[in-house]
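Colleague: The lines below spell out each chain.
2 protein chains.
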Amino acid sequence: MLDTVSVALPENGYDILIGPLSETAARFRRLAAGRRVLAVADTHTGSILPEGTALFFTSGAGGEFVFPAGEASKTFATAAAICAAAARQKCDRRSLFVALGGGVVGDLTGFAAAIYMRGVDFVQVPTSLLAMVDSSVGGKTGVDLPEGKNLAGAFHQPRLVLIDPAFLRTLPMRERIGALAEVIKYGVILDGAFFSFLEQHAAGLTAEVTDPALFGRIIRRCCELKAAIVVEDEQEHGRRALLNYGHTFGHAVELLSNFSLSHGESVAIGMAIAGRLAVTTGFWSREDELRQNALLRAAGLPVRLPRKYNAAALLEIMRHDKKCRDGRVVVVLPCGIGRAQVVADLEPVRLMEAMEQCHD
Amino acid sequence: MLDTVSVALPENGYDILIGPLSETAARFRRLAAGRRVLAVADTHTGSILPEGTALFFTSGAGGEFVFPAGEASKTFATAAAICAAAARQKCDRRSLFVALGGGVVGDLTGFAAAIYMRGVDFVQVPTSLLAMVDSSVGGKTGVDLPEGKNLAGAFHQPRLVLIDPAFLRTLPMRERIGALAEVIKYGVILDGAFFSFLEQHAAGLTAEVTDPALFGRIIRRCCELKAAIVVEDEQEHGRRALLNYGHTFGHAVELLSNFSLSHGESVAIGMAIAGRLAVTTGFWSREDELRQNALLRAAGLPVRLPRKYNAAALLEIMRHDKKCRDGRVVVVLPCGIGRAQVVADLEPVRLMEAMEQCHD
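Chains A and B, in that order, are what the protein sequence lines are.
Positions 4 to 363 (the working numbering) are the ones given, in order, by the first sequence.
Positions 4 to 363 (the working numbering) are the ones given, in order, by the second sequence.
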């Protein structure tokens, strides 16, 4: 069974194919025909790749580049090393990069593809749930700086995305749960029916063995929702900002926890705080907030802000977020399950109130 | 006297203002109003900047970043350092970078602006003749890798270019002469009347004191010619490739000389070789070739290939040029003074012949 989601951008549209790699490989081979291919993976992806997959991607002319797994690799230095590897492999402007891995591999490889010889094509093969539902779709690429995450990057759309849910079998549960924060986020801000679907299948979300049919449906819907947003607003001048729901608070929590809380856990807490704020400002109802938080909990995610994270300290971090305009904090607030809007003119005291009400 | 050349790109057009900075400053201040500004210069530019200029650019909120002058600084590490400085200065997506210097400063600052928070605006203030007539117009930005020059970069147009010919007074003669190779190139490939103008003013090109009126006219015409090409073909899919005239051979010569020949000297030799090839293949006449080479010589540029640079070795380097497609060397040949075309199907032996005929 093969699902296709089309990202219908006017100039650089592409397809997301969801199904076994054995069925999507032909499409990749057509794209790669006659071009040099540089396959990029991290040390972790290398070990979980099914026998022969790496070989299959580099069966034409080209080579591989593997770097140490982990966010610490997401640097200018690794992007430079990918470009250098491409040069040594004699990649030219027509060459193709392939990202085999999670978000770090995708962001780095996409960034290297955006800048190598001022831009070459690339293909995303996400292997984590987070990359499947979020980072591999939409063309945001980048690297971290000591001063902050994703501070340098480019908008560069892939030419093709191949998603094989079979990769999820080996994904650690904590990573799966983290990605579910983004999955639930799509439901809250964009699609009430999808939110209800997730409520009905809550038990399956954290079942020890992933149900490929369930996750195939979840991934497809998330890709459809994200694709629609990206087509409307490729470079985040407007509606795409809705996808930051839970992230303004979440990034601050993640940073203040010194990354002891995962991205997904931080986003879940951020959604709980934004949901609280939406109640106190009258954007949505107490019932909506309870439904959101119940689903987050059912997925194994936290919805309380540990007391040690001070509201004033979080606010200070939010003021330096790269999405902040002239020091004004911009937040996304839901106005019912399935709808949300960007709000820029809230008093800082309202934000702090909401954070304090979420303290555990 | 203030000249304006408009680069009429459909989405990101901008103006090039040619005249004293004292007259163009108002336009800059309007653009920078209410935004944080990061002024980037190298150690050399810092020392030649007229008293107060640096201050003037950073009179609003913002700061400066100065890096060691020279091509050796044109690396990922310096681009990362510029982004880090921007982050420390609390630059956001609306901030403005300013490049004060020659090609290296412009290429690096433009690249940093292209990627900082996935793209911020930048202004070019070129201080060398080469940057004024070439690198500050057109939006090509980038850094070098150990594997090759400009191997990573982005197309990112400036929002404004301010050219003050007064900076040329302090430019070393060898640098001025190097830039004249690009100036003469514009005449050969695009504008016979401009070529004749340069012939008539040949003595002024290398006069000890630069004539601001003469150089003002030269800079304006070069900017007009380059702007017209860039508007037609922003990302070099077609006609923009004409600007590589002399560069395919020239880059190889520059590399084989281990940079003991300057870029301009190498391009002049490259133009002489391409001019020779255009005679042997019947693209232009022996008389055209003689006119081109006489003007290059009058400008103080070499037109003979030192015998120690072997034709076979040069050809091998050209085969690995980033503009090379599938190992086929693409050259630009003039078909008369003022016209040129891209030629991709020449036998390697013809290229070697032309190189050998240019040996000194």
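Please keep in mind that the hints were generated in silico from the structure rather than gathered at the bench.
One thing to keep in mind: the hints can contain errors.
Within a straight-line C-alpha distance of at most 25 Å, the following computed DSS-like cross-link-like pairs (lysine-lysine) qualify [as the list claims (entries may be wrong)]:
| hint | chain 1 | residue 1 | chain 2 | residue 2 |
| --- | --- | --- | --- | --- |
| 1 | B | 152 | A | 93 |
| 2 | A | 152 | B | 93 |
| 3 | A | 152 | A | 311 |
Taking beta-carbon pairs under 8 Å as the criterion, some of the chain A residues facing chain B (in silico) [stated by the list, open to error]:
| hint | residue |
| --- | --- |
| 4 | 79 |
| 5 | 83 |
| 6 | 90 |
| 7 | 118 |
| 8 | 120 |
| 9 | 149 |
| 10 | 150 |
| 11 | 151 |
| 12 | 152 |
| 13 | 154 |
| 14 | 156 |
| 15 | 200 |
| 16 | 294 |
| 17 | 297 |
| 18 | 301 |
| 19 | 323 |
On a predicted model such as this, the values are computed, not experimentally measured, just so you know.
Even glycine gets a Cβ: it sits at the ideal position worked out from N, Cα and C.
Colleague: Each hint should be assessed against the structure and marked as holding or not.
Modeller: Hints, verified against the model:
1. With a C-alpha separation of about 14 Å, the suggested pairing of residue 152(B) with residue 93(A) holds against the 25 Å cut-off.
2. At roughly 14 Å between alpha-carbon atoms, residue 152(A) and residue 93(B) fall within 25 Å of each other, so this suggested pair holds.
3. Our distance criterion of 25 Å between C-alpha atoms is met by residue 152(A) and residue 311(A), whose separation comes to about 23 Å.
4. At its closest, the beta carbon of residue 79(A) sits 4 Å from a beta carbon of chain B; the interface hint therefore holds under the 8 Å criterion.
5. At about 4 Å, the closest approach between the beta carbon of residue 83(A) and any beta carbon in chain B falls short of 8 Å, and the interface hint on this residue holds.
6. For residue 90(A), the suggested interface contact is upheld, since its CB lies about 4 Å from the closest CB of chain B, less than 8 Å.
7. For residue 118(A), the interface hint holds, since its Cβ comes within 8 Å of a Cβ in chain B; the closest pair sits about 4 Å apart.
8. This hint holds: residue 120(A) has a C-beta 5 Å from the nearest C-beta of chain B, less than the 8 Å allowed.
9. Here the hint on residue 149(A) is kept, as its CB sits about 7 Å from the closest CB of chain B, short of 8 Å.
10. The restraint placing residue 150(A) at the interface with chain B holds, with a minimum CB-CB distance near 4 Å, inside the 8 Å limit.
11. The interface hint given for residue 151(A) holds, since its Cβ lies 6 Å from the closest Cβ of chain B, which is under the 8 Å cut-off.
12. This hint is violated: residue 152(A) has a C-beta 11 Å from the nearest C-beta of chain B, more than the 8 Å allowed.
13. Evaluation of the residue 154(A) hint against chain B yields a held restraint, the C-beta minimum of about 6 Å falling below 8 Å.
14. Interface restraint check for residue 156(A): the shortest CB-CB distance to chain B comes to about 5 Å, inside 8 Å, so the restraint holds.
15. Here the hint on residue 200(A) is broken, as its CB sits about 33 Å from the closest CB of chain B, past 8 Å.
16. Contact between residue 294(A) and chain B, as hinted, is not supported at the beta carbon level, the nearest pair being about 34 Å apart and thus beyond 8 Å.
17. Hint status for residue 297(A) relative to chain B: violated, with the closest Cβ pair at about 36 Å, above 8 Å.
18. Because the closest C-beta pair between residue 301(A) and chain B is about 35 Å apart, greater than 8 Å, the hint is violated.
19. Look at residue 323(A): its Cβ gets to within about 7 Å of chain B, closer than 8 Å, so that hint holds up.
Figure legend: structure checked against the earlier numbered hints; hints not met, in rising order: 12, 15, 16, 17, 18.
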